[in-house]
Amino acid sequence: MKRLVMMLGFAGLMLAQRVSADRDQADQVATTFRGYLSARALRGPDMVILGKSRAIKERLRALEASADDFERASESEDPEARRHARRKRQAEVAQLNLLLAEFGEASILTEIERCSVQGKIERLGRWLSEIDAS
Amino acid sequence: MDKPSRASIEQRVKKGEDLARCDLRQANLAGAKLAGAKLARADLEGANLENADLSGADLSGASLREAFIAGANLEGALLKKADLDGAVLRAARLKKADLSRANLEGTNLEAADLEKAKLKYAQLDSANLATAQLAGANFSQADLDSACLAGARAERANFARASLSNASLDEGNFRDAIFDESVMRSASAKRANFQGASLIQADLEKASCDQADFTRADLRRVRFTGAKFGKTMIESARVFGIEIAQVLPDDFAGQRCDLSREADGSRWVTLAKFIKNPGGGEDGEEQRLRRYVGPGDILRNAELSFENGAEVQVDGLLDHCELNMAEDASLIIGETGVLENCRVVGGRVRVNGCFLERSRVGLDGPVELVVSKQGAVATTLQQPATETHFGFAAGCRLRLYIKDPPKPAEDNHAAATN
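Residue numbers (the numbering used here), protein chains in the order written: chain A, 1 to 134; chain B, 135 to 552.
Think of the hints as simulated: they come from the structure by calculation, not from any bench.
Small disclaimer: the values here were computed from a predicted structure and weren't measured.
From the three backbone atoms N, C-alpha and C, an ideal C-beta is built for every residue, glycine too.
It is possible that part of the hints are untrue.
Simulated coverage check for chain A against chain B, where a stretch passes if three residues somewhere in it have a Cβ under 8 angstroms from a Cβ of chain B [to be verified]:
{"#": "1", "stretch": "54–67"}
{"#": "2", "stretch": "75–85"}
If you anchor each label on the Cβ, the simulated ranges turn out as follows [as the list claims (entries may be wrong)]:
{"#": "3", "chain 1": "B", "residue 1": "S139", "chain 2": "A", "residue 2": "S134", "range": "28 to 34 angstroms"}
{"#": "4", "chain 1": "B", "residue 1": "S400", "chain 2": "A", "residue 2": "H84", "range": "46 to 52 angstroms"}
{"#": "5", "chain 1": "B", "residue 1": "G388", "chain 2": "A", "residue 2": "E111", "range": "54 to 60 angstroms"}
{"#": "6", "chain 1": "A", "residue 1": "G104", "chain 2": "B", "residue 2": "S139", "range": "29 to 35 angstroms"}
{"#": "7", "chain 1": "A", "residue 1": "T31", "chain 2": "B", "residue 2": "G388", "range": "51 to 57 angstroms"}
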């Protein structure tokens, strides 16, 4: 983890060189992970008081919004708009996966990996209801 | 209505039942044995087909949007016009599969085996083909903009007329592959292997070619405007008509290239000498065949004739001129070049600037007319008896009235001989 945090301290280009990856992908990884780290740093005592479900619900709402944006963009004739919306949706999926990993929810994480984005949203919605009910 | 179970689907496939248009959305068919299944136009959106056996299956026109198909066997499967938008096909086996005109936008094909697969006209915008096996695959006229082909093994693959703008080809193996007339603007091809590849008339404007290897490649008429080179290999490449920056690293420019029009090895020059004199004038013959009208030069009311093998580049203005070109003479109108109210008879014409002659036939019997993205042509073109070969880049501006070739005067000839 410490090593990964150090690696992501580099700019996208440096990271790409370091791990021999494509520049775009490296940029995406760096942005996603930096976003996750800063969100984690800003988390207050709410997490302890209100539990993990609240944090996951927030991320899920963000994923739903980006999925809606993607649906709208996929109707568009503008490939750049589609690309942008797809990347944003991918980034939201990555943020959600990171959060689930942080909470040690490996089982649901493995399950939703095989689902479509809509499938992920529905399955996580049900899973959160089960948590809230228990 | 309940969705059919995995066991019942396998049973129906075993019996050879036609499952065309079957609704299998979100179905869990992981590891299912579906070889030879008839699933044309079936709806498998979001289905889990991980490690399923779909070899030889007919999935033409099927919807597999965001399906999870990692590790599946799709060898020889028919996926023509299938919708695989956002699907995960990581490490899937697609050898000899037919994916012509399929939608693969944003599809994850990382480490997939697509050897000899057909992907003509396929939509692969933003697809991930990193480290995929693409040897002998056909991607001609496919859309691969912003796709990732980093580390792909694509020997002898065909990318003719494909669009690869902003794509990543870093460290890919494209040995003996075909990229003729492809558009690779701003693509990244660092450490990529293009040995023996054919890139005739490819557009690599602003591409990154650091440490790329173009040894023995056919680079005739390639556009390398604004491309980046560092430790790039170009030894023994064929470079006739190449468009390249005037200032290049010494280790790159010092390499020897074949400048002959027919790429037959009859004229060898160093790239540095070629840049200094694009006509390649190592001998007097080349100098004699080269004509150049530079930026700011103006030529009015002139009549010019050019013999076979001549190459005329116009970066200035030609006004009310008549150019008589032999069949194998070339006229290149550079990006700053303008031909106004001129008539060009015969020859091969490439327009990167402007050709404007609205009142009469401006292009009379050209063997070839190629207009690049920056080019603009407004005129009437009379085709020769052998018909003109046309090439129009997306984004070029045309107001072109094309006249059919003159009909062979057989009747007249017969009457005359009688």
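Going through the hints against the structure:
no., hint, verdict
1, 54–67, "violated (count 0)"
2, 75–85, "holds (count 3)"
3, B:S139 <-> A:S134: 28 to 34 angstroms, "holds, 30 angstroms"
4, B:S400 <-> A:H84: 46 to 52 angstroms, "holds, 50 angstroms"
5, B:G388 <-> A:E111: 54 to 60 angstroms, "holds, 59 angstroms"
6, A:G104 <-> B:S139: 29 to 35 angstroms, "holds, 33 angstroms"
7, A:T31 <-> B:G388: 51 to 57 angstroms, "violated, 41 angstroms"
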